[in-house]
Amino acid sequence: MLADFLDHNLFSPDVQKLATRDGFGQALLELGEKNPEVVALTADLAESTRVLDFAKKFPERFVECGVAEQNMLGVAAGLALAGKIPFVASYATFSPGRNWDQLRVSVCYSKANVKLAGAHSGVSVGPDGATHQALEDLAITRVLPGLVVLAPCDAEETRKCALAAAAYQGPVYFRFSREKTPLMTTPETPFEIGKAYTCYEGQDVTIAACGPLLHAALLAARELEKQGVSAEVINFHTLKPFDHAALEASIKKTGCCVTLEEHQTTGGLAGAVAESLATHTPAPCSFVGMPDSFGESGTAQELLEKYGMTVEKIVEAAKKVVGRK
Amino acid sequence: MVYNDSMLSEKRLVELEKTAYQIRQDIIEMLLAAGSGHSAGSLGMAEVFTALYYEIAKITPETRGAPERDRVVLSNAHICPVLYATLANRGYFPREELKTLRKLGSRLQGHSSNHFLPDLPIETCGGPLGQGISQAVGLALAARMNNRKSDSDIRHSTLDIQPTFHTWCLMSDGELDEGQSWEAFALAGKFNLRELTVFIDRNNIQIDGFTENVLPLEPLADKFRAFNWSVIEVDGHNLREIVEAAGQARAIAENPSVIICHTIPGKGVEFMENRFEWHGKPPNKQEAEIALKELRTLAGQIRSE
Numbered sequence: 001m002l003a004d005f006l007d008h009n010l011f012s013p014d015v016q017k018l019a020t021r022d023g024f025g026q027a028l029l030e031l032g033e034k035n036p037e038v039v040a041l042t043a044d045l046a047e048s049t050r051v052l053d054f055a056k057k058f059p060e061r062f063v064e065c066g067v068a069e070q071n072m073l074g075v076a077a078g079l080a081l082a083g084k085i086p087f088v089a090s091y092a093t094f095s096p097g098r099n100w101d102q103l104r105v106s107v108c109y110s111k112a113n114v115k116l117a118g119a120h121s122g123v124s125v126g127p128d129g130a131t132h133q134a135l136e137d138l139a140i141t142r143v144l145p146g147l148v149v150l151a152p153c154d155a156e157e158t159r160k161c162a163l164a165a166a167a168y169q170g171p172v173y174f175r176f177s178r179e180k181t182p183l184m185t186t187p188e189t190p191f192e193i194g195k196a197y198t199c200y201e202g203q204d205v206t207i208a209a210c211g212p213l214l215h216a217a218l219l220a221a222r223e224l225e226k227q228g229v230s231a232e233v234i235n236f237h238t239l240k241p242f243d244h245a246a247l248e249a250s251i252k253k254t255g256c257c258v259t260l261e262e263h264q265t266t267g268g269l270a271g272a273v274a275e276s277l278a279t280h281t282p283a284p285c286s287f288v289g290m291p292d293s294f295g296e297s298g299t300a301q302e303l304l305e306k307y308g309m310t311v312e313k314i315v316e317a318a319k320k321v322v323g324r325k
Numbered sequence: 001m002v003y004n005d006s007m008l009s010e011k012r013l014v015e016l017e018k019t020a021y022q023i024r025q026d027i028i029e030m031l032l033a034a035g036s037g038h039s040a041g042s043l044g045m046a047e048v049f050t051a052l053y054y055e056i057a058k059i060t061p062e063t064r065g066a067p068e069r070d071r072v073v074l075s076n077a078h079i080c081p082v083l084y085a086t087l088a089n090r091g092y093f094p095r096e097e098l099k100t101l102r103k104l105g106s107r108l109q110g111h112s113s114n115h116f117l118p119d120l121p122i123e124t125c126g127g128p129l130g131q132g133i134s135q136a137v138g139l140a141l142a143a144r145m146n147n148r149k150s151d152s153d154i155r156h157s158t159l160d161i162q163p164t165f166h167t168w169c170l171m172s173d174g175e176l177d178e179g180q181s182w183e184a185f186a187l188a189g190k191f192n193l194r195e196l197t198v199f200i201d202r203n204n205i206q207i208d209g210f211t212e213n214v215l216p217l218e219p220l221a222d223k224f225r226a227f228n229w230s231v232i233e234v235d236g237h238n239l240r241e242i243v244e245a246a247g248q249a250r251a252i253a254e255n256p257s258v259i260i261c262h263t264i265p266g267k268g269v270e271f272m273e274n275r276f277e278w279h280g281k282p283p284n285k286q287e288a289e290i291a292l293k294e295l296r297t298l299a300g301q302i303r304s305e
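First to last, the protein sequences are chains Z and H.
This note's numbering numbers the first residue of the first sequence as 1 and each following residue consecutively.
This note's numbering numbers the first residue of the second sequence as 1 and each following residue consecutively.
Source of the hints: derived by calculation from the structure; they are not laboratory data.
Watch out, some of these pointers could steer you wrong.
Taking CB as the label site, the calculated pair distances span [as the list claims (entries may be wrong)]:
1. 118(H) with 280(Z): 39 to 45 Å
2. 170(Z) with 155(H): 26 to 32 Å
3. 101(Z) with 235(H): 33 to 39 Å
4. 297(Z) with 235(H): 55 to 61 Å
5. 57(Z) with 275(H): 54 to 60 Å
6. 190(Z) with 67(H): 54 to 60 Å
7. 275(Z) with 105(H): 47 to 53 Å
Selected chain H positions facing chain Z (Cβ under 10 Å, derived; list incomplete) [claimed, not checked]:
8. 35
9. 60
10. 63
11. 117
12. 120
13. 124
14. 131
15. 134
16. 140
17. 144
18. 154
19. 181
20. 183
21. 191
22. 192
Source: prediction; values computed, not measured.
Don't be surprised by glycine CBs; every beta carbon is placed ideally from N, CA and C.
Let's have the full structure, built from the sequences with the hints guiding it.
Below, the structure is given as C-alpha cells:
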C-alpha cells in the first residue's frame, strides 16, 4: 500500500518529471524573498546549479567565486561567522571533494552555518563521464562530525530540504541531480530532518532508499508484491542524523533489508544502514548501488542499467536477501 | 587610546615595545609548560600582535562581543602562542591561563579555535594553511553586504562608505604555498575588497628550510599587485611602521591591502634567530632559561630616545 501523502500518480507511465536541481533553485528564490541573511555562492556553475535566478534577483547577496572551490567554502564560512546563511553550490564531485578539508575545518569544526548544495550527483549525470559523477559524496560527508547529510528524492522534496536546511542551525550537506526524475511527493508530504518515512508498507523485506532511485524502489515493491514478496519501502532522505528507530521498527517486522542509492555501496546509505543494523537489530542486508567502480560516459538510463541500479536488480536483491533470513 | 590616529607618541611607543617583550617572555614560558609548539613565528610576530591588539583593531575587552567589532583572523594558527599571550596581556583573560596551552580541556588549543567566542575573540579555527584568509574574505564581504541597499552589485566597493567593521588577517609566508591563498587574493582583488587588510609574516622560513629554497615566493610584492592589492612593506619589529601602515591600509579605498612584515624568526632569542629548525620546536628547560634571560635584558634596555 502506497502512503497517502505521496503522489499516487507516481506509478503512471506519464508521471510528472522534474529535475531535483530545479527544486533547489526554486527554494533559493523563496529563501531570498523571506530571509535577508540568505546568500548564495557558486564556483562558475550558476546556471547548472540553478543559483542564477537568485544571483539576478539578489546581486547584493551573491558571490561568484570562479573555479575555486576551496576558497568558496572558506568564504562561505566567513559569511556564516558574520551571521549570513550561505548556500554554496557546485558539482558534488568538486564540492565536497576538492574542498573536503575546508568542509572539515572551516565549516564543521568551526560550526559554521553553511549549507553545501552538491549538484550533479550519481551516474545519471551522464555524458560528462566519471570525473563529474559524484558517487562518494555521501560517504565523505557522513563521516564528518556535526554535519547533516540529506539526499532528497524529487524536486519537491529538494525544495523542502533546502528550506529545512536554512531553518536548521548548523552545517548541512544535501545532494541532487541533473536529470528530470519522477515526482513522488506533494507539498503535503512531510519532511523533517532526521525523520525517515514509510512510502510503502510491507512484511517480508525492508527497502531503504534515498534520492530519485526511490521511484525504482517503489516500482520494485509493486513487482515484488506480484511475486508474493511483501516489501516495505522507506525513504531515508536523512543519512545523518540517521533514523535508527525507523529502521529498527521495520526490521523487527521484515527481518532483512536492501539498500538503494546512486552512490558507491561503501559508506553511503549502505554504510549507514549496515552500521545501524549491526548496533541495533542485526539482519541480513544487500546493497544496491555503484559496485565499487567509477562511472563513464553514457546516457543516464544506460549507466543506471550497466551499473545495476534498476528495478530488476532491486527485485533480485530483495528475493535473495529474503532467502538469507 | 585614539583609534584613528596612527601617530604613536614616544611614551606610547616605549610602552608597547616593553609589552612586546613581555609577550615574548610569556611565549617562552608557555611553550616550556606545554612541551610542544611553535617558537620561531610566535616570537617573530610579537610587535605585529602588540600593534594590532593595542592600537590598530577596533576591539577591546569591553567590546569583544559587539557585532561591529573589527575581526582579527589568524590564518597561520600555529603561531597562536603569540595570539594567546597578547590577548592575556591586553586583558581578555588572566595570564595564569597561559600555562594551559595545549593541555586537555584548555581554551588555548594547539591551533587556535573559535569555540570560545565571544569571551575569547578568536574568530576562526585555523591550522590548515590557507583557510583563514578565505574566511577573512568572507567576513569582509559580510561587512560590505551589511552596508548595501538591495539590488546593488556588491562587486564594486564604494569609496565613501566606511565598512561596518574591518577584517585583519594574519598569514605566514610559507602559507602562501597553498593555492587556496591565491584563490582568496584573486577574489578579494575582484571585489576591490577595501574591508580587508592582510599582514604577512615574511620571516623567510618554513618547516623544511628557507622559503626561497622550498618554494620560492619572490617577487612577492609584484604578485600581490598583479592580483589588485595595494602593498606596504614594513620592518616587522618597528611598531611605529606597523601602526602607520595599518592606518594607510584602512584608508586605501580602491582595493585590499597587504602589509608585508619583514621579521626575524625567533626574534629576541639569539640561538633561535633565523634558524628554521625552531619553526615547530619549543625550548627545553635550559634553553628557556637562556631565552628568558636574554629577553629580560632586552626589555630592560628599552627606553625613550
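Going through the hints against the structure:
1. 118(H) with 280(Z): 39 to 45 Å: 40 Å Cβ-Cβ, so the 39 to 45 Å window holds.
2. 170(Z) with 155(H): 26 to 32 Å: Given about 30 Å between the Cβ atoms, the range holds.
3. 101(Z) with 235(H): 33 to 39 Å: The hinted range 33 to 39 Å holds for residue 101(Z) and residue 235(H), with Cβ atoms some 34 Å apart.
4. 297(Z) with 235(H): 55 to 61 Å: holds (58 Å)
5. 57(Z) with 275(H): 54 to 60 Å: holds (57 Å)
6. 190(Z) with 67(H): 54 to 60 Å: Hint violated: Cβ distance 36 Å, outside 54 to 60 Å.
7. 275(Z) with 105(H): 47 to 53 Å: violated (30 Å)
8. 35: Where the cut-off is 10 Å and the nearest Cβ of chain Z is about 24 Å from residue 35(H), the hint is violated.
9. 60: violated (19 Å)
10. 63: Constraint on residue 63(H) not satisfied, violated at 16 Å.
11. 117: holds (9 Å)
12. 120: violated (14 Å)
13. 124: Given a least distance of 7 Å, the restraint on residue 124(H) holds.
14. 131: This interface hint holds because 5 Å falls under the 10 Å limit.
15. 134: holds (2 Å)
16. 140: Nearest chain Z Cβ about 8 Å off; hint holds.
17. 144: It holds, given that the least Cβ distance between residue 144(H) and chain Z is near 9 Å, below 10 Å.
18. 154: holds (5 Å)
19. 181: holds (9 Å)
20. 183: holds (3 Å)
21. 191: holds (8 Å)
22. 192: violated (14 Å)
Checked against the numbered hints listed earlier, the structure breaks hints 6, 7, 8, 9, 10, 12, 22; every other hint is satisfied.
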